[in-house]
Amino acid sequence: MDPRIREHAEVIVDHSIDLSEGDDIVIDAHPVAEDLVVALHELAADRGANPLVVQERLGERFQRAFLRNRDEFETPGHLEALYEAMDAYIAIRGNENVTEASDVDPETTAAYQQAQQPLLEERLSKTWCLTQYPASANAQLAQMSTEGYENFVWDAVNKDWDAVREHQSQMVDVLDPADEVRIVSGDTTDLTMSIAGNVTLNDYGEKNLPGGEVFTAPVPDSVEGEVLFDKPLYHQGREVTGVFLRFENGEVVDHSAEKNEDLLTEVLETDAGASRLGELGIGMNRDIDQFTYNMLFDEKMGDTVHMAVGRAYDETVGEGNEQNDSAVHVDMIVDMSEDSYIEVDGDVVQRDGTFRFEDGFEA
Numbered sequence: 001m002d003p004r005i006r007e008h009a010e011v012i013v014d015h016s017i018d019l020s021e022g023d024d025i026v027i028d029a030h031p032v033a034e035d036l037v038v039a040l041h042e043l044a045a046d047r048g049a050n051p052l053v054v055q056e057r058l059g060e061r062f063q064r065a066f067l068r069n070r071d072e073f074e075t076p077g078h079l080e081a082l083y084e085a086m087d088a089y090i091a092i093r094g095n096e097n098v099t100e101a102s103d104v105d106p107e108t109t110a111a112y113q114q115a116q117q118p119l120l121e122e123r124l125s126k127t128w129c130l131t132q133y134p135a136s137a138n139a140q141l142a143q144m145s146t147e148g149y150e151n152f153v154w155d156a157v158n159k160d161w162d163a164v165r166e167h168q169s170q171m172v173d174v175l176d177p178a179d180e181v182r183i184v185s186g187d188t189t190d191l192t193m194s195i196a197g198n199v200t201l202n203d204y205g206e207k208n209l210p211g212g213e214v215f216t217a218p219v220p221d222s223v224e225g226e227v228l229f230d231k232p233l234y235h236q237g238r239e240v241t242g243v244f245l246r247f248e249n250g251e252v253v254d255h256s257a258e259k260n261e262d263l264l265t266e267v268l269e270t271d272a273g274a275s276r277l278g279e280l281g282i283g284m285n286r287d288i289d290q291f292t293y294n295m296l297f298d299e300k301m302g303d304t305v306h307m308a309v310g311r312a313y314d315e316t317v318g319e320g321n322e323q324n325d326s327a328v329h330v331d332m333i334v335d336m337s338e339d340s341y342i343e344v345d346g347d348v349v350q351r352d353g354t355f356r357f358e359d360g361f362e363a
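So the sequence shown is numbered by the UniProt record's numbering: it starts at 1 and just counts up by one.
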């Protein structure tokens, strides 16, 4: 086994979920990630924990077969009971075919996700970690060799997360007490939103591995303006490019996409919360230096901002503030490396990708 796989497993167990004796953990993984699952079992045995493997993530062949032959869904009680009983949840991305779900009707997928929402809520209420195994199909999607993608993934995962936390805390200190954020990029994006009273989180590889962002929740009704997401979105096995959204009173009132606009429409029409923003995130991990069609990595890229339509994470919503609720949480990315700036309460805090606490910043 590649020693970097065991190092990856150690980061998950010791840093991300802090596994303890007696913990019941659920590992959700495709068979292509078997080596990482094996390493996690070795560590679970050493720590006195109890692992169980499931294959529940959307995009597997058996899920495609289920969704193509059914259009009404209910929340599976037996799976909900499993998640209620577990102490921690580890989700490992890795595919044999990244487009397996591309011919599933988007309306069917939306109905399935709505039925799955209680499961999502239960998983998010527990200790959890989402990570990536460098499978060949994911390397192909990233347009990289298998070896090159392995190096990319493990360089991004196996690192000094305490140093990452310290660097990113400077941006948390900017956003956490703030009232209003404005995002401007060229003549295609000018968006303002309130984050007053909400909490800014520092993602340094605990819940998402790799980490490399700070994120918070907009006040749902506060978002105004328009945004062009100039990085592609890869969702349900299909690429959506050139996503444009216009917001009024927090709601998407106009949208378009250059490619697969119908899929974007289905996402926005999933439920009432799907047409509002649930997250504002700022990518700060410059070790992730290329776009890979994998949001787990791409949203962490330095010199980017991402926003998610749909669900706001509970931890980012301040006491007494409204939380946007939805069965979906779909991130999309804006390149902030040129002709762009982030303004917080009227002060520019990032220009062309450089933060005000970094060398080279120009006010």
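It should be emphasised that the hints constitute simulated quantities derived from the structure, not laboratory data. Please read all numbers here as calculations on a predicted model, not as lab measurements. Treat the hints with caution; some may be incorrect.
To be verified - Just the calculated beta-carbon pair ranges, DEER-fashion:
hint	residue 1	residue 2	range
1	L124	E166	44 to 50 Å
2	E343	R165	23 to 29 Å
3	L120	E166	37 to 43 Å
4	T75	E166	21 to 27 Å
5	S125	E166	14 to 20 Å
As the list claims (entries may be wrong) - Calculated cross-link-like contacts (lysine to any residue; reagent style SDA-like; alpha-carbon spacing at most 25 Å):
hint	residue 1	residue 2
6	K231	A110
7	K207	W161
8	K207	A65
9	K159	R47
For glycine and all other residues, C-beta sits at the position ideal for the given N, C-alpha and C.
Hint check results:
no.: 1; hint: L124 / E166: 44 to 50 Å; verdict: 26 Å, violated
no.: 2; hint: E343 / R165: 23 to 29 Å; verdict: 25 Å, holds
no.: 3; hint: L120 / E166: 37 to 43 Å; verdict: 31 Å, violated
no.: 4; hint: T75 / E166: 21 to 27 Å; verdict: 41 Å, violated
no.: 5; hint: S125 / E166: 14 to 20 Å; verdict: 28 Å, violated
no.: 6; hint: K231 / A110; verdict: 23 Å, holds
no.: 7; hint: K207 / W161; verdict: 12 Å, holds
no.: 8; hint: K207 / A65; verdict: 30 Å, violated
no.: 9; hint: K159 / R47; verdict: 22 Å, holds
Checked against the numbered hints listed earlier, the structure breaks hints 1, 3, 4, 5 and 8; every other hint is satisfied.
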